[in-house]
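Colleague: Modelling step: build the complete structure from the supplied sequences, incorporating the hints.
Each residue of the sequence shown is one higher than the one before, counting from 2 in this note's numbering.
Hints listed in this document are in silico derivations from the structure and should not be mistaken for laboratory results. Everything numeric in this text was worked out from a predicted model, so none of it was measured. Do not rely on the hints blindly, as some may be mistaken.
Stated by the list, open to error - Pairs of lysine-lysine, DSSO-like flavour, derived with a Cα cap of 27 Å:
1) Lys57 <-> Lys69
2) Lys75 <-> Lys59
3) Lys44 <-> Lys69
Unchecked claim - Restraint ranges, calculated between C-beta atoms of paired labels, are given here:
4) Asn105 <-> Ser125: 41 to 49 Å
5) Gln40 <-> Ser84: 27 to 35 Å
6) Lys113 <-> Ile151: 51 to 59 Å
7) Glu141 <-> Asn121: 28 to 36 Å
8) Arg34 <-> Ala62: 15 to 23 Å
9) Gln116 <-> Phe90: 38 to 46 Å
10) Leu86 <-> Gln120: 45 to 53 Å
11) Ile130 <-> Asn98: 14 to 22 Å
12) Arg91 <-> Phe56: 49 to 57 Å
13) Lys115 <-> Ala78: 49 to 57 Å
For each residue, glycine too, the CB sits at the ideal point set by N, CA and C.
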Amino acid sequence: MGKSLARWIKFVLFGKKSSSRSSSTKANNLSIRMLLRFQVWLKICISSYGDDFGFKLKEEAMLNRVLKETILSKVVAIEQLQSDLASSFRIQDVMRNEIQRVQNELSCITHKAKQLELQNEVVSLKKKIEALDEDILVKEGQITILQDSIDKPFNIICSPSSMQEFDMA
Numbered sequence: 002m003g004k005s006l007a008r009w010i011k012f013v014l015f016g017k018k019s020s021s022r023s024s025s026t027k028a029n030n031l032s033i034r035m036l037l038r039f040q041v042w043l044k045i046c047i048s049s050y051g052d053d054f055g056f057k058l059k060e061e062a063m064l065n066r067v068l069k070e071t072i073l074s075k076v077v078a079i080e081q082l083q084s085d086l087a088s089s090f091r092i093q094d095v096m097r098n099e100i101q102r103v104q105n106e107l108s109c110i111t112h113k114a115k116q117l118e119l120q121n122e123v124v125s126l127k128k129k130i131e132a133l134d135e136d137i138l139v140k141e142g143q144i145t146i147l148q149d150s151i152d153k154p155f156n157i158i159c160s161p162s163s164m165q166e167f168d169m170a
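Modeller: Next comes the structure, spelled out in structure tokens:
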């Protein structure tokens, strides 16, 4: 009865371990309830056997083992939670550093984008200046032609001199 009962108690109290924290808490609550049920069951067994001192000692020893194992499992769970917390803090530090690095990169990229935008605007303005310079040259040429035509006498097409030039007479 002793070993099989102890195995049954361990299975009932600890069962299969779950990775999620909420199911771990449920399992611990279930373990406590099962421990109390086991204690009641043992008391019923003792009452049926009378005041056997040896049986009471075995009950206390078994109960102490179960309680120790429960405490040890809770200590292990606490250590795991502490390890998870430390890991989370390390990850948080890494993420802060990564965020700072990305913000620095963003600042550099923004600065480069502004420089490229200004360079593009400068190129556009240079093209406009070149177009205006060409327009100025064309206008200066037109002005020169007009000035040259002002210096020459104005000949009407039907004037006698222009008729002789074109052999129209």
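Colleague: Give a verdict on every hint.
Modeller: How the hints compare with the structure:
1. With a CA separation close to 18 Å, the supplied pair Lys57 and Lys69 stays within the 27 Å bound.
2. With a C-alpha separation of about 24 Å, the suggested pair Lys75 and Lys59 falls inside the 27 Å cut-off, and the hint holds.
3. Only pairs whose Cα atoms come within 27 Å are accepted, and Lys44 paired with Lys69 is accepted, the gap being roughly 20 Å.
4. For Asn105 paired with Ser125, a C-beta distance near 31 Å fails the hint of 41 to 49 Å.
5. A hinted range of 27 to 35 Å holds for the C-beta pair Gln40 and Ser84, which are about 33 Å apart.
6. Range check, Lys113 to Ile151: Cβ separation about 56 Å, and the 51 to 59 Å hint holds.
7. Checked against the given bound of 28 to 36 Å, the beta carbons of Glu141 and Asn121, roughly 31 Å apart, stay inside it.
8. Taken as a hint, the range 15 to 23 Å holds for the pair Arg34 and Ala62, whose Cβ atoms sit roughly 22 Å apart.
9. Between Gln116 and Phe90, the C-beta spacing of about 40 Å keeps the proposed range 38 to 46 Å intact.
10. In this structure the supplied range 45 to 53 Å holds for Leu86 paired with Gln120, their Cβ-Cβ distance being about 51 Å.
11. Under the hint 14 to 22 Å, the C-beta atoms of Ile130 and Asn98, about 48 Å apart, miss the expected range.
12. The given range of 49 to 57 Å is respected by Arg91 and Phe56, whose C-beta atoms sit roughly 52 Å from each other.
13. The hint said 49 to 57 Å for the Cβ distance between Lys115 and Ala78, and at roughly 55 Å that hint holds.
Checked against the numbered hints above, the structure breaks hints 4, 11 and satisfies the rest.
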